[in-house]
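Participant: Sequence:
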Amino acid sequence: MKKTFKERFLGFLQSHKIDDDFFEELIDILIEGDIAAKTAYIISEELEKKAKKEKIYDKTELIQALKEILSPYILEAKLEPDPDKLTVFLVLGVNGVGKTSTIAKLAHHFKSEMNLESVLAAGDTFRAAAIEQLVYHGEKVGMRVVHQKAGSDPGAVIYDAIESVKAKGKGLVLADTAGRLHNKENLVKELQKINRLAEDKASEGAYKKILILDATTGQNALRQAEVFHEAIGIDFVILTKYDSSAKGGVVISLGKDLGLPLAFITKGERYTDIEPFAKSQFLDEFIGS
Numbered sequence: 001m002k003k004t005f006k007e008r009f010l011g012f013l014q015s016h017k018i019d020d021d022f023f024e025e026l027i028d029i030l031i032e033g034d035i036a037a038k039t040a041y042i043i044s045e046e047l048e049k050k051a052k053k054e055k056i057y058d059k060t061e062l063i064q065a066l067k068e069i070l071s072p073y074i075l076e077a078k079l080e081p082d083p084d085k086l087t088v089f090l091v092l093g094v095n096g097v098g099k100t101s102t103i104a105k106l107a108h109h110f111k112s113e114m115n116l117e118s119v120l121a122a123g124d125t126f127r128a129a130a131i132e133q134l135v136y137h138g139e140k141v142g143m144r145v146v147h148q149k150a151g152s153d154p155g156a157v158i159y160d161a162i163e164s165v166k167a168k169g170k171g172l173v174l175a176d177t178a179g180r181l182h183n184k185e186n187l188v189k190e191l192q193k194i195n196r197l198a199e200d201k202a203s204e205g206a207y208k209k210i211l212i213l214d215a216t217t218g219q220n221a222l223r224q225a226e227v228f229h230e231a232i233g234i235d236f237v238i239l240t241k242y243d244s245s246a247k248g249g250v251v252i253s254l255g256k257d258l259g260l261p262l263a264f265i266t267k268g269e270r271y272t273d274i275e276p277f278a279k280s281q282f283l284d285e286f287i288g289s
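Under our numbering, think of the first position of the sequence shown as 1, with each following residue one higher.
These are calculated hints, taken from the structure and not from any lab test. Honestly, I wouldn't trust all of these hints.
If you anchor each label on the Cβ, the simulated ranges turn out as follows [said to hold, decoys possible]:
1) Gly-268 with Glu-7: 19 to 25 Å
2) Glu-25 with Glu-61: 34 to 40 Å
3) Asp-21 with Ser-289: 23 to 29 Å
4) Glu-80 with Lys-55: 27 to 33 Å
5) Gly-205 with Asp-284: 30 to 36 Å
6) Lys-55 with Lys-140: 43 to 49 Å
7) Glu-24 with Lys-149: 54 to 60 Å
Positions of the beta carbon are idealized from the N, C-alpha and C atoms, including for glycine.
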């Protein structure tokens with residue numbers, strides 16, 4: 001079984017004395033934890049300067065110093081719909097990251113935490129299975145799903161879902177979207193069209209774009225984030241299949257390189273397996289305490 005970043009880092013810490021070579025080799029350890037090479041170099045350099053300035057020789061103190069350096073790079077944000085507004089959350093991500101199940105988990109979370117019902121919009125009309133999956137999840141969590149047949153205009157599906165909520169004057173629409181990056185140009189045009197529609201229909205300040213990323217894919221997740229962020233701009237990220245200690249470096253890159261905050265993480269298959277992202281907990285799990 002592959003070692004976690006924390007296991008590699010703590011093992012490295014125990015077997016090396018804190019000298020110039022230590023900080024040189026630390027760069028490789030950070031890269032292995034899925035931190036981009038440029039960022040790994042900056043982190044190691046900052047830690048070396050801090051250690052020399054503050055005369056840090058104790059390894060527990062060094063762990064704390066590394067946390068202090070990483071903390072500003074990691075962005076956390078609260079994602080909570082306003083129950084008195086017409087809110088639209090557009091959910092994005094490539095196929096296979098767990099978009100549909102995450103939508104159901106969000107719906108379940110907002111119902112249990114805020115007693116807020118959601119309407120789910122099956123906007124991934126390109127893939128027939130995506131519609132069926134969302135309908136299945138909607139039934140399981142007791143939420144209405146607005147959908148049409150495969151191949152329908154996704155904008156029309158999302159429009160219908162928003163209009164059905166608009167009749168009540170307030171409510172939450174969780175809209176699924178296609179994620180076929182192999183046809184990037186068409187996908188971007190489609191998402192930009194939906195983006196304009198949702199922005200126009202939602203209440204002021206109540207439209208958010210949420211990107212779902214598979215935490216186990218490391219730097220591939222960062223590249224996906226770059227594509228979607230460039231296409232329509234992302235407000236929040238949710239990490240699925242979360243294992244902070246194995247591929248967790250992507251969290252640091254998302255914040256430092258793209259300015260994207262984490263809102264939630266999901267860890268399992270149950271609808272309750274979703275929780276708000278917590279920076280302090282992440283750092284303890286990623287580095288050690």
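Participant: Between Lys-55 and Lys-140, is the Cβ distance one that fits in 43 to 49 Å?
Facilitator: Given range 43 to 49 Å: violated, Cβ gap about 57 Å.
Participant: Does the beta carbon distance between Asp-21 and Ser-289 stay inside 23 to 29 Å, or does it fall outside?
Facilitator: holds (26 Å)
Participant: Honestly, do Glu-24 and Lys-149 meet the 54 to 60 Å range at C-beta?
Facilitator: holds (59 Å)
Participant: Does the Cβ-Cβ separation between Glu-80 and Lys-55 fall within 27 to 33 Å?
Facilitator: At roughly 44 Å between Cβ atoms, Lys-55 and Glu-80 fall outside 27 to 33 Å, so the hint is violated.
Participant: Using the C-beta atoms of Glu-25 and Glu-61, is the stated range 34 to 40 Å upheld?
Facilitator: violated (19 Å)
Participant: Indicate whether the distance between the beta carbons of Gly-205 and Asp-284 respects the range 30 to 36 Å.
Facilitator: holds (33 Å)
Participant: Does the Cβ-Cβ separation between Gly-268 and Glu-7 fall within 19 to 25 Å?
Facilitator: holds (22 Å)
When the structure is compared with the earlier hints, violations turn up for hints 2, 4 and 6 and for no others.
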